[in-house]
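Visitor: Residues per chain are reported as follows:
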Amino acid sequence: MNHMPALNRRAFVIGTAAVGTGLALGLDIPFGGPTVVRAADGSPEINAWVVIQPDDTVVIRIARSEMGQGTLTGLAQLVAEELECDWSKVTTEYPTPGQSVARKRVWGDFSTGGSRGIRTSNEYVRKGGATARMMLIQAAANEWKVPASECTAANSIITHTPSGRTTTYGKVAEAAAKVEPPTEVKLKDPKDWKLVGKGVKRLDTADKTTGKMTYGIDIKLPGMLNAAIKACPVFGGKLKSYDEAKAMGMKGVKKVVKVGDYAVAVVADTWWHAKTALEAMPIAWDEGENAKVSSASIAKWLEEGFDDSQPAFVGNENGDAKAAIAKAAKKVEAVYNYPYQNHATMEPMNATVLYTGDRCDVWCGTQNGEAAFAATLEASGLPADKCDVHKQILGGGFGRRGQTDYVRQAVAIAKQMPGTPIKLLWSREEDMQHGAYHPITQVKMTGAFDADNNLTALRMRISGQSILFSLRPEALVNGKDPATFAGLNATGEAAIGYSVPNLLIDHSMRNPHVPPGFWRGVNVNQNAIYLECFMDELAHAAGQDPLAFRRKLMATHPKHLAVLNAVAEKIGWDKPAPQGVFRGIAQHMGYGSYVAGAAEVSVTDSNKIKVHRIVAATDPGYAVNPAQIERQIAGSFVYGLTGLFYGGCTVKDGRIEQANFDTYNSMRIAEMPKVESIVMPSGGFWGGVGEPTICVAGPAVLNAYFAATGKRLRSVPLRDQNITFA
Amino acid sequence: MDWTNQKSQSMDWTNQGNAMANLTVNGKSFDVDVEPDTPLLWAIRENIGLTGTKYGCGIAQCGACTVHVDGVAMRSCGVLVSEAVGKKITTIEGLAGNGALHKVQQAWIANDVPQCGYCQSGMIMAVAALLKDNPKPTDQDIDDAITNICRCGTFKQVREAIHAAANV
Numbered sequence: 001m002n003h004m005p006a007l008n009r010r011a012f013v014i015g016t017a018a019v020g021t022g023l024a025l026g027l028d029i030p031f032g033g034p035t036v037v038r039a040a041d042g043s044p045e046i047n048a049w050v051v052i053q054p055d056d057t058v059v060i061r062i063a064r065s066e067m068g069q070g071t072l073t074g075l076a077q078l079v080a081e082e083l084e085c086d087w088s089k090v091t092t093e094y095p096t097p098g099q100s101v102a103r104k105r106v107w108g109d110f111s112t113g114g115s116r117g118i119r120t121s122n123e124y125v126r127k128g129g130a131t132a133r134m135m136l137i138q139a140a141a142n143e144w145k146v147p148a149s150e151c152t153a154a155n156s157i158i159t160h161t162p163s164g165r166t167t168t169y170g171k172v173a174e175a176a177a178k179v180e181p182p183t184e185v186k187l188k189d190p191k192d193w194k195l196v197g198k199g200v201k202r203l204d205t206a207d208k209t210t211g212k213m214t215y216g217i218d219i220k221l222p223g224m225l226n227a228a229i230k231a232c233p234v235f236g237g238k239l240k241s242y243d244e245a246k247a248m249g250m251k252g253v254k255k256v257v258k259v260g261d262y263a264v265a266v267v268a269d270t271w272w273h274a275k276t277a278l279e280a281m282p283i284a285w286d287e288g289e290n291a292k293v294s295s296a297s298i299a300k301w302l303e304e305g306f307d308d309s310q311p312a313f314v315g316n317e318n319g320d321a322k323a324a325i326a327k328a329a330k331k332v333e334a335v336y337n338y339p340y341q342n343h344a345t346m347e348p349m350n351a352t353v354l355y356t357g358d359r360c361d362v363w364c365g366t367q368n369g370e371a372a373f374a375a376t377l378e379a380s381g382l383p384a385d386k387c388d389v390h391k392q393i394l395g396g397g398f399g400r401r402g403q404t405d406y407v408r409q410a411v412a413i414a415k416q417m418p419g420t421p422i423k424l425l426w427s428r429e430e431d432m433q434h435g436a437y438h439p440i441t442q443v444k445m446t447g448a449f450d451a452d453n454n455l456t457a458l459r460m461r462i463s464g465q466s467i468l469f470s471l472r473p474e475a476l477v478n479g480k481d482p483a484t485f486a487g488l489n490a491t492g493e494a495a496i497g498y499s500v501p502n503l504l505i506d507h508s509m510r511n512p513h514v515p516p517g518f519w520r521g522v523n524v525n526q527n528a529i530y531l532e533c534f535m536d537e538l539a540h541a542a543g544q545d546p547l548a549f550r551r552k553l554m555a556t557h558p559k560h561l562a563v564l565n566a567v568a569e570k571i572g573w574d575k576p577a578p579q580g581v582f583r584g585i586a587q588h589m590g591y592g593s594y595v596a597g598a599a600e601v602s603v604t605d606s607n608k609i610k611v612h613r614i615v616a617a618t619d620p621g622y623a624v625n626p627a628q629i630e631r632q633i634a635g636s637f638v639y640g641l642t643g644l645f646y647g648g649c650t651v652k653d654g655r656i657e658q659a660n661f662d663t664y665n666s667m668r669i670a671e672m673p674k675v676e677s678i679v680m681p682s683g684g685f686w687g688g689v690g691e692p693t694i695c696v697a698g699p700a701v702l703n704a705y706f707a708a709t710g711k712r713l714r715s716v717p718l719r720d721q722n723i724t725f726a
Numbered sequence: 001m002d003w004t005n006q007k008s009q010s011m012d013w014t015n016q017g018n019a020m021a022n023l024t025v026n027g028k029s030f031d032v033d034v035e036p037d038t039p040l041l042w043a044i045r046e047n048i049g050l051t052g053t054k055y056g057c058g059i060a061q062c063g064a065c066t067v068h069v070d071g072v073a074m075r076s077c078g079v080l081v082s083e084a085v086g087k088k089i090t091t092i093e094g095l096a097g098n099g100a101l102h103k104v105q106q107a108w109i110a111n112d113v114p115q116c117g118y119c120q121s122g123m124i125m126a127v128a129a130l131l132k133d134n135p136k137p138t139d140q141d142i143d144d145a146i147t148n149i150c151r152c153g154t155f156k157q158v159r160e161a162i163h164a165a166a167n168v
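Residue numbers (our numbering), protein chains in the order written: chain E, 1 to 726; chain F, 1 to 168.
Here chain F stands alone, though its shape is the one from the complex (with noise of 0.2 Å):
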């Protein structure tokens, strides 16, 4: 049965009624029905059927759905489906540009990063906009900027990956 993989086949809601917010996620333009007061999050994973983004708290504490909003390293489920139209919107599966992944994603696999990798999407967006704003951060830096919760433990790996990116 391979209808788990239809990951590029996003839910058509469109019969329910009119588009109510334009979103522009990793370069496309979507028409998304839903209330304005709808987490972005959701409207990006159930909407437009991009789930690398993860729910883990809903509360903005966990971090497992960071994306970047114009450059920004944002938690999507705290931000509403109404402060992110306009805005550039970027999802792990846009991280990677020009058939290459992110100089983050190589440092990720070189380094063996993920256990279960289910918080790690969150982790590379925000680790990724932090070399952007500050490209060679010492470890107190990635202390201050890195708050992501990961339960498997994988924070020796992220903060030797870091600095690997660091140094590309």
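Looking at chain E on its own, in the form it has when it is part of the complex (with noise of 0.2 Å):
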């Protein structure tokens, strides 16, 4: 059933967390020394970072996942900057966890989540492009016998400044790599990048439009069998019996194995011949109490976490709001919800496993590689020299692939079929009802006016779901979840961009047995629709312009202030927008970034919408590559409007009741809105942009239809309301 929260959890922990146990247990085979270290193909490692091949070819090695949003293409930038190589010759390969762990983790942290691709490496990563480049450098000088301080870089080629003389990093990669690595390096000011900043075009997309990028679903082993899963459809109910002689009649089936105490798989020739008769099969589940779970009673114990008598997390609180709008001259109110959803990945949730019995090797699609190394460590109970994980590149991932659970699930299979390759593969409907859902939540708004209009309390009031006390116990802050509190925190990464004189915004944790996970922005999607969308409903109630209004909320928080006033002035806010147009704004910061939107909308009949074209702007701090920052704002726009309008998985019988796009709709090209980007890097932090922007369109294009309605929309998807595009 439902959890309340409690001190002495068991902390369970696993995936990300068990990561650091996996590697503290893990290998430690001395590197370094005299020997070069040396790619698959015989080139030399400059450094962990650099390969360079006899022909110049440069190898730039990335840790973190692609999954869409360019990370591979910015963190091979950001090393090519600093190693002043021909980015024409540059290429790029996945580690595998497995040689990380070998190498006392030279790679760093894998995880790709909480746009944190680049902005947490880019220091290490841009360090291993300069050690490089001065190691390269001072090879050419050994060789020419003159000063290394004499000697340029650029373009891959070497110069001797004083008498002309050059060559290049594929002939002195060999000698390069026995030079002993500096100890001082400089890394470039910003202002000196020359390709760091610019749009340059991916690194992977010409295997994309063949046909050849091979993805996890893709991966053909010698022998290999495939594998279809039905795990409990009730979450937390357990697998009674099932009829194994009836699949094991059907064409092609080779096996049928239980996976843990949840979930049965039938193996089988073709993975259409596994599913087709895993559908066959009967198959009785232990649904247990969760069975009587349904959506109206999660809503109906969120409600009750609005009572102040309900214990709560205070996440920022300043003055007095309780007192503050007891003695309000105007009190204005609102209830707001989020629904859980589901990632919907384009590729279902795979994964291959090679298990021999004193080996496993796994290849899979994975946000983390090295949380998929501990679970392939766990599951198959071998130690770390004896597995290894193939990273392939991810057809999305959006949050749910850093979870582990296909992982566990392909080696507990593969485990029973020693020596067989076998390939589980989800089915839709399997992917659609065993997420890791956006969590679901409530919130309780007040606002408080003096006589004179002034905001003297803001007071937000969140009843819901932690993501961290399910997945990340151990990161919780005395219970609390600080995550929940994205882009309404005091200070930090997430911080509100304004000033009320009495605040308070507290939790009060609930945790239905649905099971919740981090989906693209995760939880500034919610909190930006409810404050941002409040904030309409106070200026409205003061009679006041929204831009206006914010503005004078606004004065200490000039970096979120400045990407609101880049989308009104570009919008044209101050002028008539087209007739029949209405328009709506909203700011938020999340991952470090500060994001505006302000939407265009046309409404017939009350309830079609035509979103004709929204204006974003981030400040990421630093922007790598701006043109592929614009994709990534565009595309959350189609993530994060899909999810406002379609969005929503209700649960019946304590099961999520949506199995497929046709029931959970995605958002098509003709819904699509004009998109107009403003990336206008401040510099001096850097900020994440794959999600920030993702939360703005949702407020400014429901504040639009305030706007051209009268009429508020409080709750998500719209689809519920009878609500959809134009």
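Be a bit skeptical, because a hint or two may be false.
What the hints assert, rightly or not - Chain E side only, calculated, beta carbon under 8 Å to chain F, not exhaustive:
id: 1; residue: Gly68
id: 2; residue: Lys208
id: 3; residue: Tyr215
id: 4; residue: Trp272
id: 5; residue: Met346
id: 6; residue: Glu347
id: 7; residue: Leu394
id: 8; residue: Ser499
id: 9; residue: Asn502
id: 10; residue: Arg631
id: 11; residue: Ala670
Note that these hints are calculated values from the structure, not bench results. Backbone N, C-alpha and C fix where the C-beta goes; we use that ideal spot for every residue, glycine too.
With the hints as a guide, dock the two chains, each given alone in a separate frame, to form the complex.
Guide: Written out as structure tokens, the structure is:
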């Protein structure tokens, strides 16, 4: 059933959390010394990040995962900037987590979530490039018997300035690999960047247009069999029994296996045979108490969290909001909610495993190679030097592939068929109904005004689910989930952009049995709708323009204000909108970046919304590749607006009702607004770009809908209020 | 471990019985041992071994599995093998001709369209069919014809690249 947080809850540490342990116990193969470390083709490693082949090809190692967000290209730009190599000769490769463990985590963190890919690794990857450049120059200088200080490098060519002699990286790579790495490495001043900051094309496009790109689902191993799986449709339920003989009698079926105590898989020659047999096989479940839970029962439980007598964690507080509200001249109240949402990556969850009894190899798309590796060790029972994870390009991640459930399942199946490679692929239905869902929350918003229409207090009482409680309980702070307050904190990388004399934002944590996960944007999605739609309500109640009302509260938040002003100017906030078109505006902060959006919509029959245009601005501090950032902004709006209009997973009898794209729709090109992006890096900090902008599209559109109709929409998705795209 | 790159090696199930269907894919003839009600998608991916055509939903909603059947864009998860016998099937692997990429593929590269790329095989096949029938589509034509799902949200670049390909 539903769980309230308990102080002594057993810390069940899985996934990312287990990585530390896995690595601490990992191998300790000595590297370095006089021998050169070589890539698979024999080319010398200058260091862990850079391999130079004799023909001057530069191979840059990328530890983070590419799932469409462009991190692979951005990280390569950062290394190449300092390396001073010829960009046209750059290729990339993934080191494996097993190799990383064996080399004392030389590639650092593999996790690719929270828009961290570039912002948390830029410094050490740039250092990797700079170090390699210095070693290559030193090798050339040694050969020429001149001081390295007289040599420069550009475009993979080293020049001895006084004599004009030149050589190439490919020619000195072998010698450079033996040069002692410099102890002091100075990185370029950002103003001197030539490649970083340029909107160069992605490095991974060509194969995505010809069908050549290999995703996890495309892996083929000799003798491989295919598995289809069904887990108990009620989360937390168990497998009771199944009619094995029925499946075994069907074409192509090789074996039926239990997976843990909650799932069963059919293994067959082809996946189509496995899926067909699985669907034909009668299965009985022990659904347990959770089968009584419904969307209505969850909503009721969350509503009870608005009661001040219920315990709550305070996320942000100044002044005395309760007292100020009590003596307000005018009070505004509203309740909003945000539902469960499935990630619906285009490529359903899958992993291919070869377990031989003394070795276990996994091929899969994962947002966290090290977490997948730790899961492999745990599920196989084998030590780190007997396992590895071979990462594939992801057919979408959005947070879902930070989880390792599908890896554990695939290993569990393969363990029951040692020596036979097994590819486990989830059907879309399995994927839709066994997600790691955007957490469900509601909020009660209260605003107080004095007699002069000044906002004296703001109260946000959030009630609902914590992601960290389920996935990373060790990250809770005295029981509180700090991530819940994304974009609402007093300071930090997800700080609120308003100053209100009396403020209270607190969270009554209620964790239903539906498993939550990190869903692109995570908690900024609902928090931006809650705060920015309510700001619009407050402006309206005060009889003020929504932009002017916000500006008055943002005097001490210049970076929040700058992006808001940028979108207001570009959309022409001060000028009338075209006939029949209405505007809404919003701003927020997440993942270290400041973001704002302004939307233009028209509404027909009060329930068909045409989103004509969204202007977006982001200040991520530094913009490594503005062309890819623009694509992330436009793409995030598709994901975010899909969530707003269509993205609700409802619970009936303890299970998710939606099973495929016919009931869980996704935006098409006809519904896509024009997106105009303003990338305005102000320097001095590193913010993310994959997620933050996603959260401003929803409130900007909802506020524009109010401007058009005078009606507030406070419940997501709009699908359930019979509102759709025009 | 280089096993993952054996893309050309198709699975050989011929020891399991006689081939039951003959399919013509990308100009080549394949005898495949599958039940006639097997979706074409899975015959292409698992029996013929061409994995550029992707599984996304299995109910003809998302378009990731789009191929050309006698020149018409169809969602191969919704086409039975028995319906495809005797037809000319083209997959993403067969779109390029005479060693040159199709103009849609070229426009996709020039406009840096794909993000994760998983839906793009189907998107490109749908667009190639559109441009064959309608060489200069309007935005409205594009809205009406291209209904593929892209979760990364590449629609802005997709639209730009369609117009670019139309103007080649």
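Visitor: Does each hint hold? Answer for all of them.
Guide: Results for each hint:
Evaluation of the Gly68 of chain E hint against chain F yields a held restraint, the C-beta minimum of about 3 Å falling below 8 Å. At its closest, the beta carbon of Lys208 of chain E sits 3 Å from a beta carbon of chain F; the interface hint therefore holds under the 8 Å criterion. With a least beta-carbon distance of about 6 Å to chain F, the hint placing Tyr215 of chain E at the interface is held under the 8 Å criterion. The interface hint given for Trp272 of chain E is met, as the beta carbon of that residue sits about 4 Å from the closest beta carbon of chain F, less than 8 Å.
A hinted interface residue such as Met346 of chain E counts as satisfied when its beta carbon comes closer than 8 Å to some beta carbon of chain F; here the least separation is about 4 Å, so the hint holds. Residue-level restraint check for Glu347 of chain E holds (minimum Cβ-Cβ distance to chain F is 5 Å; threshold 8 Å). Interface hint status for Leu394 of chain E: upheld, as the beta-carbon distance to the closest one in chain F is roughly 6 Å, under 8 Å. The beta carbon of Ser499 of chain E is not positioned within 8 Å of any beta carbon in chain F (closest approach about 34 Å), and the interface hint is therefore violated.
Hint status for Asn502 of chain E relative to chain F: violated, with the closest Cβ pair at about 40 Å, above 8 Å. Interface hint at Arg631 of chain E: satisfied, since its Cβ lies 7 Å from the closest Cβ of chain F, which is below the 8 Å cut-off. For Ala670 of chain E, the suggested interface contact is upheld, since its CB lies about 4 Å from the closest CB of chain F, less than 8 Å.
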